[in-house]
Amino acid sequence: MAAYSYSTLLPLLLLSVSLWSFGSVLGLKAASDPAESPNPPNPPVVRAVEPPAKDAPAAAAAAAGASQPRRATGWKLSEEEACREDLSRLCPKHTWTNNLAVLECLQDRREESDIAPDCNHLLWNYKLNLTTDPKFESVAMEVCKSTIAEIKECNEEERGRGYLVSCLVDHRGNVSEYQCNQYITKMTSIIFSDYRLICGFMDKCKEDINTLHCGSINVGHKDVHSQGEVISCLEKALVREAEQQDHGHPIKEECKKAILRVAELSSDDFHLDRHLYFSCRDDRERFCPNTQAGEGKVYKCLFNHKFEEAMSEKCRDALTTRQKLISQDYRVSYSLAKACKADLRKQRCSLDNNLPRAREARLSYLLLCLEAAVHRGRPVSGECQGEMLDYRRMLMEDFSLSPEIVLHCRTEIEAHCSGLHRKGRTLHCLMRIGRGDRSTAVDSVCQSALQTLIQSADPGADYRIDRALNEACESVIQTACKHIHNGDPMILSCLMEHLYTEKMVEDCEHRLLELQYFISRDWKLDPVLYKKCQGDAARLCHTHGWNETSELMPPGAVFSCLYRHAYRSEEQGRRLSRDCKVEVQRILHQRALDVKLDPELQKRCMTDLGKWCSEKTDTGQELECLQDHLEDLVPACREVVGNLTELESEDIQIDALLIRACEPLTQAFCHDVADNQVDTGDLMECLVQNKHQKEMNEKCLVGVTHFQLVQMKDFRFSYKFKMACKEDVLRLCPNIKKKVDVVICLSTTVRNDTLQDAREQRVSLKCRKQLRVEELEMSEDIRLEPELYDPCKSDISRLCPNVAFGNAQMIECLKEQKKHLSQRCHQKIFRLQEVEMTDPELDYQLMRVCKQMIKRFCTDADARNVLQCLKQNKNSELMDPKCKQMITKRQITQNTDYRLNPVLRKACRADIPKFCQPILNKASEDSELEGQVIACLKLKYADQRLSPDCEDQIRVILQESALDYRLDPQLQMHCTDEIPRLCAEEAAAQEQTGQVEECLKVNLLKIKQEACKKEVLNMLKESKADIFVDPVLHTACALDLKHHCAAITPGRGRQMSCLIEALQDKRVRLQPECKKRLQDRIDMWSYAAKVAPAEGFSDLAVQVMISPSKNYILLMISLSVCILFLVGLLCGRITKRVTRELKDR
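Residue numbers (my numbering): 9 to 1153.
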């Protein structure tokens, strides 16, 4: 221990002895020189570039009052008259015996505490001689002998000029000897107190100091404080030059290096940066009282409190200057240079021969190089990563530390972001403008500078680097992302997942989108994406290193390349790895939240966004707007929007807003397909099929419907349809792009093949199945059928303004208002009904309302016979009332035109042209015949002239219309005024059972309109042909029919004749109600015969056949014919005879 103490103290003893000897020399020399005046002389001019005058110590002694006697044992600063008063006022008494302690006390005094000029001058000469005296150099050579030998530059320095000590200070980072290190530490505080004492500094910067007016170099003209101001002045000039704010006086390159070297040498102890030390002395006591000086700790502490309200502006400016120097040369930060020294060498961050040396020292270059190593998974020490984190945060907090931002974004800052300097607000303001809001614009060079800064700071790796974001989103992170480890890169993804949700706050939303805008423009800035996809990117997209760029594959194009490969099928070749595809999907989900997060989309569609979507600023509206105006977009924009929409059709989960809105519906009905790793369009198909469930909310309904509408623009936007029918479309429907046109083309082909009984369908089976799905989806909303929607737009606004489009409600409204539609719309609706009646599955309302009834009654029925099946079960007790009402609506529609009843049309295809050709000649192809053909067939049915198949169908129609007058279009049309006047109560009944028809028959004589009266008479005539056509009579006589006419075959008036005969037979007793109703019918028929006599022989024959006196009439007709024959036979010879010659001629 004794030996160790001795070896430790020996150099310090030598130092003290040397100082004592040096002081003695000064004293003795001053005392023995008779030429010196007792009064202080004018201070001599001393230049650091020259060796000091040999009598300088004597002059200093004389100036201090050397006439006073001194002890030869040692000279003390405290004993000098020039400094005694200042010493007693400013320095503690225990420091007086130590010259170095006195020197440190006086040069570190408070700024407001001035010292006498003579004392100041004495101190200057004392310090100068300390650094230049050979005896002092000899102490240095003794204490640092081995160190000097190791440091080549110091070993070669010329002795006696003061350069040796300065050189040791310059290389103090390489000094390992404890004694030498202690010696140099003391000397450092002396040397850095005046720029003229720093080795070679005056030689290199003398001209720049004068040019920039940074202060006089004459001794005594500047006190100790202003000496630090000289270096501060040069440092600020260097910063301004980097920001190109000072074009007049460029600093020489060697002076630049000297300035940065001085800053680097003062990075260990903040006392050595004299300007910053005096500017921040109070702030250090306020914020960092317990932080020990050394290793840059005080600097870091002050940097962390730079934007505190209590921080003085003078200190903040000094700290900012220091930080700007660090951004130019990372070595100005002691802690960063020390922590990352080994890592820089290991990662070869200083060996790039293509870059100038100045570039390699830049903080941004260091950060990029080491960040690249971290992202590649290479080892970087935790201490270095911690320092990198601090300085990345520093760059994000203060934009002024990035010269490129200050230089290239000055206009934007002055115009939009002034006064927001603190805590990263200015940077986020620039980022907000850089997002491309149409009200403002950012210069491309500024945009590039912002992108470079974001890459250097790399906030995507740790959100805490962005202080503005961290503060704005703290509450959201604590609630929504508390399950994620603090500082994890997935925090940003978590925040994006909660964007536009209740947990998100507005300020966090803005800061997050501003940052994500720039992260989205360089795939490497998302660390999770880069980690999972760097191998795929190198293999498929030919990318380079993390901090390297390529003109052939710029950062923004890499992600486009990745997502093109993400959705390739196995047949298409090279695909992404599963982990990479998951990350690509995550990024696509995020980009769907805001159109500005898709760089390619924003770049190509900026003009179209302004032209078509200037008012669409809400969440997700801009992309929807572009999709709505797809045909109007410029080709480049149309292509990128089309590709994105096509991608969404395959994986609708990319549309994060839609998926979020539809979550309740998905959980209830589509959770199976939602859990699939590969979507392939199943989820959207499920959402469409269940879009009218009670779990559906308005946002989800709007989103699903919008996507359906967009799909109509291009068949590629329906993934399942595209994959099922791609080959069929190319073969059968080439050059057709719109989905609706493709569906029509394929449907027409399928229909023609079916009608022509083709041996083989031209459309493949898988395509036919998907085609059916598309047709059913299109039938749900009129907007999905542009050919129908466009002609009916005016009718919709006029007749159905408050009706919803979905659930086929709008189509149903137009059908109900058919008589009031415009001609074009009416034609389209008629064609639609014709298709629906042929294929009831396309009748969305019928299939929806009668869904359960179809399952109950028609499970075995063919899809095209569903309506026929429902009609047959309409009057079942188990029939749902709503479905029954819907069936009646469809029956009313069918009876308006035989073409809307495919079963009738097929059964009567020979009868219609035979009996009703005049009506067909007047008919229009796309408008209803208002039941005229069916009315014609009804009359022929009464005449018993129809074919059996047609007769069966007309009988059904007659039976149905006899129960509900609304099923007889001619009756309803001609009796529009009479029914409300005569049968209002019956017409208002909820259940129609033939009461209106009975009312009209009873009030036949009261009917004023001839057309209506004729229709009632036709009903009476039809009822003669079949009792089933008269439901009131049939109900009243049901028992009598069973007792008296059971053996009679129904039809052709046979059962009616049986009942009339029974009525006339006095031996038969009919039911009173039957007897009364039957007698009323006979009276009505008699009246009808008078009012409407037979129009021809056929009508006369029918009336005879159905007459109660049929046998008598037929007997009389037969007798008449026989008498006529006999008269002709007997009286024919009375006529003139013809001669045989004439006959034989």
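Simulated from the structure, these hints should not be mistaken for lab results.
None of these values were measured; they are calculated from a predicted model.
Every residue gets a Cβ at the ideal spot worked out from N, C-alpha and C, and that includes glycine.
A portion of the hints provided could be inaccurate.
Using C-beta positions, here's what the derived DEER-type ranges look like [stated by the list, open to error]:
no.: 1; residue 1: Q769; residue 2: K890; range: 46 to 52 Å
no.: 2; residue 1: E161; residue 2: A301; range: 24 to 30 Å
no.: 3; residue 1: S426; residue 2: E639; range: 40 to 46 Å
no.: 4; residue 1: K930; residue 2: D761; range: 53 to 59 Å
no.: 5; residue 1: A350; residue 2: K265; range: 23 to 29 Å
no.: 6; residue 1: K611; residue 2: K160; range: 53 to 59 Å
no.: 7; residue 1: M614; residue 2: R294; range: 47 to 53 Å
no.: 8; residue 1: Q769; residue 2: D951; range: 40 to 46 Å
no.: 9; residue 1: A996; residue 2: D761; range: 46 to 52 Å
no.: 10; residue 1: H552; residue 2: A301; range: 27 to 33 Å
no.: 11; residue 1: Q998; residue 2: Q831; range: 32 to 38 Å
no.: 12; residue 1: K914; residue 2: K746; range: 30 to 36 Å
no.: 13; residue 1: Q831; residue 2: E671; range: 41 to 47 Å
no.: 14; residue 1: P1080; residue 2: A996; range: 27 to 33 Å
Keeping only pairs whose Cα atoms sit at most 25 Å apart, straight-line, the calculated SDA-like set for lysine to any residue is [stated by the list, open to error]:
no.: 15; residue 1: K604; residue 2: H424
no.: 16; residue 1: K1050; residue 2: V964
no.: 17; residue 1: K777; residue 2: K707
no.: 18; residue 1: K1098; residue 2: I1125
no.: 19; residue 1: K826; residue 2: K890
no.: 20; residue 1: K1016; residue 2: V964
no.: 21; residue 1: K826; residue 2: Q876
no.: 22; residue 1: K354; residue 2: G385
no.: 23; residue 1: K624; residue 2: C678
no.: 24; residue 1: K879; residue 2: A1046
no.: 25; residue 1: K823; residue 2: N873
### Task
Please work out if K354 and G385 have their alpha carbons no farther apart than 25 Å.
holds (14 Å)
### Task
Decide if the proposed pair is consistent with the structure: K624 and C678, CA atoms, cutoff 25 Å inclusive.
Roughly 31 Å between the alpha carbons, so the hint for K624 and C678 is violated.
### Task
Go ahead and decide if the range 27 to 33 Å is satisfied by the Cβ distance of P1080 to A996.
holds (29 Å)
### Query
Between K1098 and I1125, does the CA-CA distance stay at or below 25 Å?
Distance of about 21 Å is within 25 Å: holds.
### Q998 paired with Q831, Cβ distance criterion 32 to 38 Å
With a Cβ separation near 35 Å, Q998 and Q831 satisfy 32 to 38 Å, so the hint holds.
### Hinted pair K604 and H424, Cα distance within 25 Å
With a Cα-Cα distance of about 20 Å, the restraint between K604 and H424 holds, given a limit of 25 Å.
### Task
Could you say whether the range 40 to 46 Å given as a hint is met by the Cβ separation of S426 and E639?
holds (44 Å)
### Query
Is the gap between the beta carbons of A996 and D761 within 46 to 52 Å?
With Cβ atoms ~49 Å apart, the hint holds.
### Task
For the pair we were handed, K823 and N873, check the Cα-Cα distance against 25 Å.
holds (21 Å)
### Query
Using the C-beta atoms of M614 and R294, is the stated range 47 to 53 Å upheld?
holds (50 Å)
### Query
Is the Cα-Cα distance between K1016 and V964 25 Å or less?
Violated: K1016 and V964 sit about 30 Å apart, past 25 Å.
### Message
What's the verdict on K1050 and V964, does the C-alpha distance respect the 25 Å limit or exceed it?
### Response
Between K1050 and V964 the Cα gap is close to 21 Å, so the pair holds against 25 Å.
Hint check: violations occur at hints 1, 4, 10, 17, 20 and 23; the rest are consistent with the structure.
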